[in-house]
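Visitor: Residue numbers (the working numbering), protein chains in the order written: chain H, 1 to 377; chain W, 1001 to 1377.
If you're looking for bench data, these hints aren't it; they were derived computationally from the structure. Please read these numbers as outputs of a predicted model, since none were measured by experiment.
Label pairs and their computed distance ranges (CB to CB):
1. H:S42 with W:Q1039: 41 to 51 Å
2. W:L1150 with H:S154: 37 to 47 Å
3. H:Y153 with W:E1076: 37 to 47 Å
4. W:I1038 with H:Q243: 36 to 46 Å
5. H:T342 with W:V1073: 51 to 61 Å
6. W:M1235 with H:D41: 31 to 41 Å
7. H:L150 with W:T1344: 55 to 65 Å
20 Å max Cα-Cα, derived DMTMM-like pairs, lysine to aspartate or glutamate:
8. W:K1172 with H:E166
9. W:K1260 with W:E1166
10. H:K149 with W:E1166
11. W:K1056 with H:D50
12. W:K1149 with W:E1259
13. H:K56 with H:E76
14. W:K1170 with H:E259
15. H:K377 with H:E292
16. W:K1377 with W:E1292
17. H:K172 with W:E1166
18. H:K374 with H:E204
19. H:K260 with W:E1166
20. H:K233 with W:E1134
21. W:K1260 with H:E166
22. W:K1315 with W:E1345
23. W:K1316 with W:D1340
24. W:K1316 with W:D1349
25. H:K171 with W:E1166
26. W:K1171 with H:E166
27. W:K1170 with H:E166
28. H:K170 with W:E1259
Beyond 12 Å from chain H on every Cβ pair, some chain W residues (computed):
29. S1042
30. K1315
31. L1348
Glycine residues also receive a C-beta, built at the ideal position from the N, C-alpha and C atoms.
There are 2 protein chains.
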Amino acid sequence: MKRLLVIAAVAALSLTAMAQELNNFSFGRQAPVISPEIQGDSVTFRLKADYATVVKLSGSWMPNPYGGTIDMVRGENNVWSVKIALPAPEIYTYNFVVDGVAVNDPQNIYVQRDGTRYLPMLIVPGERTENYGEATQHGTVSHPWYDSKLLGYSRRLTVYTPYGYEANPKKKYPVLYLLHGAGGDEEAWISMGRTAQILDNLIEKGLAEPMIVVMPNGNPGQQAARTLGIPEKQMNWRAPEFQNVYVRSLCEEIVPFIEKNFRAIAKPASRAIAGLSMGGGHTISASILYPEMFDYICPLSAAGQASAEQIAALKKAGVKLYFLACGDADFLFQGSQQLDKTLTEQGLDHVYFVSDGGHTWSNWRLYLNTFAPKLFK
Amino acid sequence: MKRLLVIAAVAALSLTAMAQELNNFSFGRQAPVISPEIQGDSVTFRLKADYATVVKLSGSWMPNPYGGTIDMVRGENNVWSVKIALPAPEIYTYNFVVDGVAVNDPQNIYVQRDGTRYLPMLIVPGERTENYGEATQHGTVSHPWYDSKLLGYSRRLTVYTPYGYEANPKKKYPVLYLLHGAGGDEEAWISMGRTAQILDNLIEKGLAEPMIVVMPNGNPGQQAARTLGIPEKQMNWRAPEFQNVYVRSLCEEIVPFIEKNFRAIAKPASRAIAGLSMGGGHTISASILYPEMFDYICPLSAAGQASAEQIAALKKAGVKLYFLACGDADFLFQGSQQLDKTLTEQGLDHVYFVSDGGHTWSNWRLYLNTFAPKLFK
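Construct the entire structure; sequences and hints are all you get.
Guide: Right, dumping it as structure tokens:
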């Protein structure tokens, strides 16, 4: 240590090179603008916009998030702002509309990606969101690629391994396969679904078993999320030879890949499958095509159906949990009610979890937080 | 298969739920706007902005990227556009300026994160960028957390393992420790540096040895990138007890963590260290404090110095490659010239790689692409 030359001065010099690419014209040399700012039961949004004529706010908590906006008011230094009542605890997304153009909040570094869109988040603390923030102990998120012979290329997965996985090299873990909806990809459950945070918190609190969570890409034409720039394979995925091709790849390729390359317990009692919307359809298909593979089956906001014979196969296989969830305002609610009815009629013990609201990530986070503690017990 | 009920119709219904959170006001129901569009030796940028008064384009290829802009012109359907000569092959970033507010391109899903800013990329194909796109075979990118006793908490790493790592469970690999600059974090080399793509391509072409690449977070107050929302630890990191604390954590905690949890060859001849700017300072510090740890040392765009005694220790340790790189317009260029001179005077065989340009990711991608093939050979 004593022999060190003083290089601190040089390191300090390098600090001036923080913004390497572009200047941000909207907040170059001004006093800091804080946005969003939660104070008590209100939240204030701010945007510096020197030459704008009309600035509005749009948020997913609004009654009409697909069109409603709130006007913002120009203040000192051309900082536009609006203060609103804090919505109920949840993770919301929002954006500004500057002279008709959607603009993200440059002050907010908490951003979700929904398909091709990046959106700032408003995280309102409370009981509903207590497992959505960072826990003390963190699992590892990785992106391995599996070779799919059925689809003809390698495909990217997201895999969560729980805290302690590295430190306990002889321990084996159960696995949850967690499937996204149409428009999503292998990062959807991580980015919008807060899967790593929810599992970290549930496991740290002793509420859920330490488990591996595998999040594949459910679009067979995609090797990976479109953000990676790999061209999509254009095929008629509805053609007979492709029937259930993704579900077959999941059960015949991804499950073996995971059980070979991760310390997974390769037994039905240690395999769960869950999915939202299109992924709920995949979940139901997998339970029908491979009734002996998963002892835990959780279709979320989905409306696939199953026949008496198919349900009998699940009963025979000894399914331990069938967790069906849907929002009462979901456009698929009737279908989920029908599946609940059929499961009851056919005598398959199951949970039918009905929540407020519709086809939203608010519900899917709630469902994961609700069913994960019921797995592998 | 024959027993399946038809659930395709239900899955198709779910497709309508693609945009779950918000409508984008600027391109809700219009014909698709394409941006950026490369045609021959030109590129056109477009933005629909119905009510804007002035729309400009700012790009990192411009002579004055910290303030220069080009005016865009309003066209049919209020689509503003500008067509410019295609800049030389490289990855650039850009944004629009709508009535004074910086706006990302909603049509462009290729986005980099630079610190707290998300910026659309313009990727110009050519020889310079041929290793920056996706290869056929992909390594795995993961985010494990290591427990730092020196810093008092667990911290997030980014780790790249090469294609074949999973399929060859007995093979061990050399490791490159790759350090970011001030303002960066453990995702900087992945997002802006294209490390996974560059290594995938170099390895696939047989130009570089298959290697593990470890990208830590060089800010001791951060457990992880600020985007995760974990509050920074506020300490006087310049206090004597914290001198070189990150470099000590790297060499005394991260290197052992990697060599325990990954199939790494735990020998100096299989360890390389490289870093840009502040990370170049860390690289030089590590080589001075731990002269026998790394046989490959690559300070990039940095200006740390070393004494005769320190250089003698590296010679004695048998360093195999000392690769010093800097842009001739870099504000640290003089410092790098001084270090080159000292290394020459002290008789340490080294490469002094001088490129055009300054303190930019354009150079850091070039340097990685240049020195990675020289490692572990």
